[in-house]
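Please take these sequences and the hints and turn them into a complete structure.
The primary structure of each chain is shown beneath.
There are 2 protein chains.
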Amino acid sequence: MDNFDFYSPTEFVFGRGREKETGRYVKKYGGRRVLIHYGSGSAVKSGLLETVKRSLEEEGLYYTELGGVKPNPRDTLVYEGTEICRREGIDFILAVGGGSCIDSSKAIAAGVFYEGDFWELYLRKSEIKKALPVGTVLTIAAAGSEGSSSSVITKESEGLKRSVNSALIRPVFSVLNPELTFSLPPYQTACGAADIMAHVLERYFTNTEEVEITDRLCEAVLITMVKEAPIAVREPENYGARANIMWAGTVAHNNSLGVGRSQDWNSHAIEHELSGRYDVAHGAGLAVIMPAWMEFVMKRGVMRFAQLAVRVFGCEMNFEAPEVTAKAGIDAFRKFLHGLGLPINLLELGAKEEDIPALVEKQGVGDGKTGGFVQLSSSDIEEIYKIALKAEV
Amino acid sequence: MDNFDFYSPTEFVFGRGREKETGRYVKKYGGRRVLIHYGSGSAVKSGLLETVKRSLEEEGLYYTELGGVKPNPRDTLVYEGTEICRREGIDFILAVGGGSCIDSSKAIAAGVFYEGDFWELYLRKSEIKKALPVGTVLTIAAAGSEGSSSSVITKESEGLKRSVNSALIRPVFSVLNPELTFSLPPYQTACGAADIMAHVLERYFTNTEEVEITDRLCEAVLITMVKEAPIAVREPENYGARANIMWAGTVAHNNSLGVGRSQDWNSHAIEHELSGRYDVAHGAGLAVIMPAWMEFVMKRGVMRFAQLAVRVFGCEMNFEAPEVTAKAGIDAFRKFLHGLGLPINLLELGAKEEDIPALVEKQGVGDGKTGGFVQLSSSDIEEIYKIALKAEV
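Quick note, the sequences are listed as chains A and B, same order.
In terms of numbering that gives the first Met the number 0, the first sequence opens at residue 0 and continues consecutively.
In terms of numbering that gives the first Met the number 0, the second sequence opens at residue 0 and continues consecutively.
It is worth saying that the hints were derived from the structure and are not from the lab.
Take the hints with a grain of salt, since some may be wrong.
Each computed BS3-like pair below joins lysine-lysine, with the alpha-carbon atoms no more than 30 Å apart [as the list claims (entries may be wrong)]:
1. A:Lys128 <-> B:Lys26
2. B:Lys129 <-> A:Lys19
3. B:Lys154 <-> A:Lys26
Here's a subset of chain B near chain A, in silico, CB distances under 8 Å, partners left out [what the hints assert, rightly or not]:
4. Asp1
5. Gly14
6. Phe112
7. Tyr113
8. Asp116
9. Glu208
10. Arg215
11. Leu216
12. Glu218
13. Thr223
14. Ala242
C-beta atoms are modelled at their ideal positions from N, C-alpha and C, and glycine is treated no differently.
Shown next, in the form of structure tokens:
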């Protein structure tokens, strides 16, 4: 196990009806003038936005609002948000939505205090030194942004997706009411499940030894997802399934599963190019890329893949030929994703074979290598895209 | 899943050599005048205390010290500590030791600001309103106090053990270096393992439904302990085993495994009377009480006990007679504890059959009932003691 620091000070407010307490928590964390940041009309239509506003009013808090966050959140809205914050003297950002909305809120929170173009923070040309506190009312279990220190933004003009990491943008509180996810369509529920599982798997594939505790914790969350995701897709208003998934999504990405071990994140890096370009849901892109990545790197860690197959997907261990078990696990994972209604190859995403070179180039690995579990070159990434192109169950 | 709040803002500083950074963390959390609180001579002999002092000096921090904490920490030392703090204007308590030392530090931290007798806080006659910040340098993986909001103190004159819970006494940081546990004798290592597993099991036995995620997380930690504890007992300087156990001990008790579910805590309550009276190690008392408690309540939750048996102890499920599997799991647990070198019956602890009525009475359940998973009366507790009296593997 490697040395590590773990600090997860977000206050989680979990359960039925908890969004009514939002105002109290904003106040607790020093908010007096609030920017409510949200996405599409669903938070409006469902009445959630009204509930949240009422709870702010009950605490005597001022608020203004900025809607319009879309999946793969754009830099353009971030500029708009920082301007509002400066103009209105905002001291707290409240994200009401999913990961995109939270990521956009984090970008605004950091951008407000940054004198240059906030995009420089995402290009890692500069570091976040100060940020407004961010609180969240989560409506989609997927990105884990409600408990994480990261944010991903897309530069609209270039279709360029980049991420930033800082303890300063970790939400101070997150309201998680599983009921708020009842209205998610099955496809979005499935995309969220793929994203959650990818967050675990990117940590699971490691070269660090003697990490039994985090291995087992990772498997615990994966097993939970294998059980609960199909239920939520089938029965959108099943509270138990929604609750287990929602908490799994937070645990999957607050790094409690990834401490003290090297991590990979190549599937995410590859996928970001996909969703940056085709504007597909991140989870759908991951459903295509993850199993393809697994097939490509499997030979470099057969026993770890066999472990996943046996412990998570209930495959029988083939002691004579562990690679058979390893492959069976990958197949089971792809079948599982397909069963949730997710795409499993690039064609289904609308990508074509001839797009592959441009996708590889855009990732910018160039002549270098990238990744934690297995270091990939540009040509390795091209191979992964090729596996992903026409993969079937 | 029940509604819950989860807030675990302790900063964990994990790994080899991290105790050298103690001063930096004390300073980060506002400490200028520090009380170093420690236990027996082992922190002195090992040179740990010197290392910690040097790191405080490097940051230019003033410190004074109070040693002498013993297992089952006493109220008397707490009075002494609060007096020192008041007299010396202490603004930070640094616990260098195990759970007893941390619990004593928490009591001092709260006691400093309490105008009456601090023991009233433990009798729940009053609430903690303010406390000094506490930091820890952990030397024993067991109690989980380094990441928890609770503290247990024994009133020496009455042999009365009582606990208190408050977010205000949760450590602001905890330094966890597994190497510091290398010097623990096998018996103490085993006691720690029993305590860690008990913290998980008290949360595992629940009547709350649809708690897949926390069930699986609990099992993950238990499986880890089943693998790693025997290694640490056999090879005290095995870093991997010590590291896994140390982090398992923290995860087991920061309540990340217990959110959204009813918990039990009867085994702990029963055991506190034992270690309050005979001054046996808490973990040794738990090794005797937990399996006896399990046998007594098993019939009230056969399938949950069978689940534990299958998922954690690798028992084969008996589909015709799940109670056989359930019992096999309890037997496996007791055998596991015995294999670690722990006592498994009351006689080994030095208790006698004729002591039982007094132990039951002291717990003070009277005509009432206590516990979460199965509500126990005084006569139920007496039955558990009787099972524990001569239990064998």
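Okay, the hints, checked on the actual structure:
As the CA atoms of Lys128 (chain A) and Lys26 (chain B) are separated by approximately 20 Å, the hinted pair is consistent with the 30 Å bound. Straight-line distance between C-alpha atoms of Lys129 (chain B) and Lys19 (chain A) comes to about 28 Å, which keeps the hinted pair within the 30 Å bound. Proposed proximity of Lys154 (chain B) and Lys26 (chain A) is contradicted: the alpha carbons are some 40 Å apart, above 30 Å. Annotation: Asp1 (chain B) was flagged as interfacial toward chain A, and the flag holds, the nearest CB pair being 7 Å apart, inside 8 Å.
Interface restraint check for Gly14 (chain B): the shortest CB-CB distance to chain A comes to about 3 Å, inside 8 Å, so the restraint holds. Contact between Phe112 (chain B) and chain A, as hinted, is not supported at the beta carbon level, the nearest pair being about 21 Å apart and thus beyond 8 Å. Of the supplied interface hints, the one on Tyr113 (chain B) is violated, with its beta-carbon coming no nearer than about 24 Å to a beta-carbon of chain A, more than 8 Å. With its C-beta approaching chain A no nearer than about 31 Å, Asp116 (chain B) sits outside the 8 Å limit, and its interface hint is violated.
Residue-level restraint check for Glu208 (chain B) holds (minimum Cβ-Cβ distance to chain A is 7 Å; threshold 8 Å). Hint on Arg215 (chain B) holds. Least Cβ distance to chain A is approximately 4 Å, under the 8 Å limit. Of the supplied interface hints, the one on Leu216 (chain B) holds, with its beta-carbon coming within about 5 Å of a beta-carbon of chain A, less than 8 Å. Given the 8 Å rule on beta carbons, the hint for Glu218 (chain B) holds: about 7 Å separates it from the nearest Cβ of chain A.
Given hint, Thr223 (chain B) at the interface with chain A, holds; its Cβ is 5 Å from that chain's nearest Cβ, closer than 8 Å. At about 4 Å, the closest approach between the beta carbon of Ala242 (chain B) and any beta carbon in chain A falls short of 8 Å, and the interface hint on this residue holds.
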